[in-house]
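Dock chains X, C and Y against the given chain B, drawing on the hints supplied.
First to last, the sequence lines map onto chains B, X, C and Y.
Under our numbering, residues 16 to 427 are what the first sequence spells out, in order.
Under our numbering, residues 1009 to 1267 are what the second sequence spells out, in order.
Under our numbering, residues 65 to 652 are what the third sequence spells out, in order.
Under our numbering, residues 794 to 1060 are what the fourth sequence spells out, in order.
Keep in mind that the hints were calculated from the coordinates and are not lab data.
The model shown is predicted, which means the values in this text are computed figures rather than measured ones.
There is no bait here: all hints are sound.
The calculated DSS-like cross-link candidates involving lysine-lysine, where the alpha carbons are at most 25 Å apart (straight line), are: (1) B/Lys193 to Y/Lys865; (2) B/Lys101 to Y/Lys865; (3) B/Lys292 to B/Lys318; (4) C/Lys521 to C/Lys509; (5) Y/Lys865 to B/Lys423; (6) Y/Lys865 to B/Lys106; (7) B/Lys102 to Y/Lys865; (8) C/Lys600 to B/Lys318; (9) C/Lys465 to X/Lys1147; (10) B/Lys318 to X/Lys1249.
Heads up, incomplete: computed chain X residues facing chain B, CB under 10 Å, no partners named: (11) Glu1050; (12) Ala1051; (13) Gly1056; (14) Ile1057; (15) Gln1064; (16) Cys1117; (17) Cys1123; (18) Ile1228; (19) Ala1252; (20) Gln1253; (21) Pro1254.
To give an idea of the interface, some chain X residues facing chain C are shown, with a C-beta separation under 10 Å as derived from the structure: (22) Ala1039; (23) Arg1048; (24) Phe1071; (25) Arg1075; (26) Pro1139; (27) Met1145; (28) Val1160; (29) Cys1199.
Glycine included, every Cβ here is placed at the ideal spot set by N, Cα and C.
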Amino acid sequence: MPNADTQLMPRGVRRSTPRQFLLWILPWAALLAFGVYGAGLCLVKGLNQTHMDNRFAFGLWIFLDLTVIALGAGAFFTGFLLYILKKSELKAVINSAVVIGFICYSGAVAALLVDVGQPARFWFTFWHPNVHSMLTEVTFCISCYLTVLFIEYIPIVLKNRKLRQIPSFLVFEFELHKLMPVLAGVGTFLSFFHQGSLGGLYGVLRGRPFAFREGFAIWPSTFFLFILSAAAAGPAFILLTTWLVSKVSGKQLVRPEVLPMLGRISGVLLVPYILLKSIDTLVWIDSTSPARGFAAYQYYAWKPFGAWILFAEIVVFGLAPALILLRRRLRESPAWLLSAATLVCLGIALNRFVLTIQTLALPTLPFDPFMSYLPSWQETATFLAVVAYGVLLYSFSFRYLTLFPQEKDLSC
Amino acid sequence: MAAITPKPARYGMAIDLDRCTGCGACMIACAAENNVPPARPEATPRTGITWMRVYQISNGAPFPDSRAAFVPILCQQCGKETPCAAVCPQEAVETDPATGIVDQMPQRCLGCRYCMAACPYHARYFNWWDPQWPAGMEKTLNPDVATRMRGVVEKCNFCHGRLHAARARAAAEGRRELHPGEYLPACVEACPAAAIVFGDLDDPASEVARLARDGQSFRILERLGTEPKIYYRTTRPWVRKAAAQPGPASAPGKEPVHA
Amino acid sequence: MGFTRRDLLTFTGGTTAGLLFTPVPWGLLRDTAVLSENWPGIPQPLHGEIRTRYTTCTLCPAGCGVRARCDGDQPVGLAGVPGHPASRGVLCPAGLVGHHLAFCRDRATEPLAHGKPVAIESAAAAVSAAIAACGAREAVAILDPRPGRAASLVYRRFLAELPKGVHCAPPDSQPNGPFGIDLENTRAILSFGAPVLDGWLSPGRVLANRSHFQLIQVEPAYSRTASLADLWVPVLPGSEDEFATAVVRALQGETTDAHAMDVARTLLRNKPAIAVGGGPAVARLNAVLGSIGRPGGFLPRRDFTPVTDIASVPDGSIRVLLIEETAGGDPLPWDLLRRKLVPQDPVLVALTPWLDGCAQHADYVIPAPMYLESLDEAPTPAGSTVAGFSLSPALLTAPPKLAAPAGFVLRLAHDSATYPDILKRRVAAIKKGGRGAVFTYPDAKSTRVSDIADLWKSMLGGALWLDDPLPAGTARGADLQVCAGPPGPALPPNREYPLVLIAASAPPPHGSPLMSKLYRESGLRRPANAATVHPKTGRDQGLADGDRAIVTSRAATFPVQVVFDPAVMPGVIEMAGQAVSPASIRRA
Amino acid sequence: MLSHIIFLGLFYTVLAVLSTTVALSLYRAGQDFRARRAEAICWHATFPDLPARDRLCRHEFTGEFSHRLCDKAFDCRECQQHAALVARRPPDAAPTPREADVFGLEFPLDRLYHRGHAWAHPEPDGTVTVGLDALGARLVAEPEAVVLPAIGSHIQTNGAAWHVNKRGAHVRILSPLDGQVVATGGPQDGWYLKVKPDGGRLDARHLLRGPEIRPWIAHEMERLQASLGPADQAPTMADGGVPVNDIAAAYPEADWDAVCAEIFLLP
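Bound-form chain B, shown alone (with noise of 0.2 Å):
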């Protein structure tokens, strides 16, 4: 009965009417249902059922493991800008974030276990770890934040109206809320150090040299790029994700000068990430990978991937994005400030489809061709439950929980 529904809404707020949301729902539901039958049949009948092969071992589920991750990366940023730095206007946002990066990190893990051959055998990393291998760092700290995440979304779940009326519940969210910034502290600190080794993991395949970099210490550059170009696009997404959720509920949801204020953070990081992405650019031309017998030119002789993708990475998705973002008067017109956040998301994709795809793509033995690869419906479809899946979760969530604190006073 709707009165139970709106029971368990928030006071104050509009939202659909169960009619309308159960009709938003269910193309969702369809999408995720059908994915999860693609991913289950790469379960059951193994990974014949994907089209990678021995020369493409990775293929759209990394790309998408690395996308959303880098775009889940909001939810760190801003609860280190919340709690740590005490920017205290992101309070508008930071619950939605917590639950886009929820959103995001369960989905990339849940695609992942669908990515390895042996998914039963995903603790082995936990037993025996290689300590030495970016991968075995990103388990570990994904593993983790996924739990920081999960803690962080408890409070925002118990705050709900019905949830709220247990005094134990209320209790025990009051006195989480008061440890947040330890785990918004280990949820950087976690954060930065998979994200990072996510970047990691490519550049220290000196096996190829397009994707091989240098770097410090154990860590190649492209370590650190992640790391700021994730911190730029986690912003740029939550920026995107709440237009998008109040175009489609119809709603203001955050003071009108929130969103500017997320577009000048991710400006101001994406500023430093193009200068060093361009520096490590010019010395991996320059010496990285001449020095392994392999001279740069040729990785952009093999078409389509010529080296127009090189320019549109740094200068289309980077440098312009960056400079609308940096001048108040463009930021604060909605139109350039959406288009830039919107640069910067698909440019941290582009990024990532580089780093996964056309590396792999990419000859390494003189005598070798160039691989395409076209992902089978199967892989396809487990993408697209991962979409569903955050979709469901994120209107869920919407409904029924505050994930904008100031749309009750917007709404009246």
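The following block gives chains X, C and Y in isolation, referenced to the frame of chain B:
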């Protein structure tokens, strides 16, 4: 088992590209020796399992001046910063200090395939399917090698089973050292052109060490700095160029292969 | 007081924490590990006593020595016999996994009459009846894929009893007639399409001598041999003989054909030189080169059994045809065979281990033992300069209801002897002749026949008997005429068939499933359905690399996969096992 | 080896920190219940989630501030600001009338009013009578159900004193004082609880009185009006007209849960 600890060695190969006729005996012998299953109907060159794979290379000249050569590629048993061993998250890849052989432990492999992305020689293979043999043929499996399951990576290990057998024999005779030729991988034994010379690179007296030293020998992607232990030999300049020099420039006439 | 929510929380928390100190979760972990480590449904090898046994490969005429590593009685690995005079201790890819053939699909396991299982006796009776019912001018023929065996002798005897018995063999079954090739001393080989580096004679022997002969390959196809030869002369399809003649004239200083002169020069510079690959002109060329009966050339040997080439049997003359098919043999030219049969209800008997070969057309199928399943023989190794003989002891236990072809023919002849008896007689004859030496596999030693007490026993243990060479100068050049004829004359391409179809090396019709490593899992060898064309030729026909297409020749049409290779002669289509003929290709 | 120690060390530290955090907050929660802090905490957790307009400081009504949001969850006892301002006030000599009539609602001035519309009246016998003020009373007029605390139970300032159900709205009335319930009445009696205040006497610093009442109620009326929805519906109060006795009955369209939540400070 043997109480005698075998003498450490650094096993390697010298493959004479001028002798190889690309008959594929090495690939077949390897598959039979190591219980590699036959292809599934859906299998392609990109999903098949061939620990030893012979590539055909061309001088790139069109008809009628084309010349071909054949390059057998197996795990190059990298001796330094071994790319696959460095990246495996759960130590399923080990380099045996006593032999220099890089070994893959399928029982521990998670199937993340990170090692495959890391290997510049594409010498690692993933079990995309559960292994299957025609009814009755499982009787012909080599008792010295365990079969692998779906979802794990495998690769050449210089016929580990043969090494153990040889060591056991030596130990039984109270020897620490293996006689040269007492332990040979299946491909070496099977090559009808005797193109592959196998032995201890650290033993200056050994044939393979001598060949590795002489001017005709080179290693593929040597500049990656991973110290591979497979040496290739040829007197034909174009073969050396096509096999040793990375990049599209050195391998003309390459057309993209589509999945 | 009642059970409050807080109690519940405390309880759950406590239980979870407590569980970690019990073996339960760790036990579960271990079990998942064990499960994933011994993955269900995967065969694991047996572990019996390891023994070494010896036999001889009968899959092809090379007759290579085989060292089998056996787990109990089951061979688990095959290898060459070190020092084996014919095979030089190596096996070809197919030979290395010959022990898998017994487990292949499409095996004939019981006698069939018109597709229905019958007892061997009734099958034999029916065949005898058919033979008896032959008209006066109707022939009974046995197609012997490998003349020169003791089995061949059985066939000859049986056919001799009949009013019109023909002992015939497929084309090319004895490439050089009574001659062997003295590879060890040859300095140059001029090959007209012979797959010199791709399974010719016995691969071990050829490759062992490769370093000291020049190889000139005259062939339209960019074959394995052509691609590796010291010189490749890509002549137009069907003009091999023409070129041979040109070379002859060049040697006699009569022509100005640049290629021919070039080749002639090489031959003269590297003597002794031989020309191989068939055709009268090639025979002439050898005569001119003086390579017959000379060291480094063609040397005569003793064991030649003249046999009728099936191609030369008059069409429509055979009423009853018994076809022996070997385990590793090439597919028989079925169109050719059918022409030879009488038009009305001929009787075709297939003595074969396979159901998918000539058995498809046969009225009676007599299942022959698979390689290694029964005691068999290997005649003179291909290209050997002296007669030879070895036994091929069984390593596998054969399923019941099989009958060796020779055994079946003995049964037809109402001869009480069995095939092994025949083999025994052959060995006895060798012993009696007292010539030659025996190379025994286990100890890799050669012993004079005269010094061996029990020849049969040592032959059973794995051995190769080699005759003594014939005294020099006993060669008769004319005999080299029996070399294979030239591939059919090249018909000029026309508008309907703008291209020429030529043969590329074909995958063996039967082989271990592991052969997939070469043909499907690595692309080292092109699969049977690959049609290789020059990129330009392909594009002119509106094709792209990797396209599925249809090749149409006068004879038939085949679905193919297009492969572009700039090395291939423009204007030709290279396809596995195709006779030269005009053809067209279009996208499917 | 060293790298193993560093890496695993870090990992297990992180795990330890996480588990301690959760354990600690669980433990503290338990402590809070034992120390009777739960009610206060619930209120403190609730207060920030109330709309800003519900959280105005009482000194905004008296005009001492143009705009100020309370940051002490309506507990002026902890508020120095409040103490200072009260100290600064001139003692008003003029005898205040016994009763204030605000838009026709009686607010006896000998009573002290809580922001949650409960009043407290110290009796000579040292107990304190607690009831619903006129506005509250009209909102829950003839409630479907009233759940009163057991006699002898303890109530805390800003904690739940008693619960009232009205037209599907489940309302908890915030307690105006800390003390022990000695007697219970109900709507019919005009009072709900008699409470023996902790420390013998009523600490009333956080309760509204005298001149504060009128502006406060005025503000409350605006909120009520807003929550009742569009103003065109009769009988309106915008003109200061007397509200009907049972507002609920007069506004059948209104979302009663929302209205009560607004006025009784439910999250």
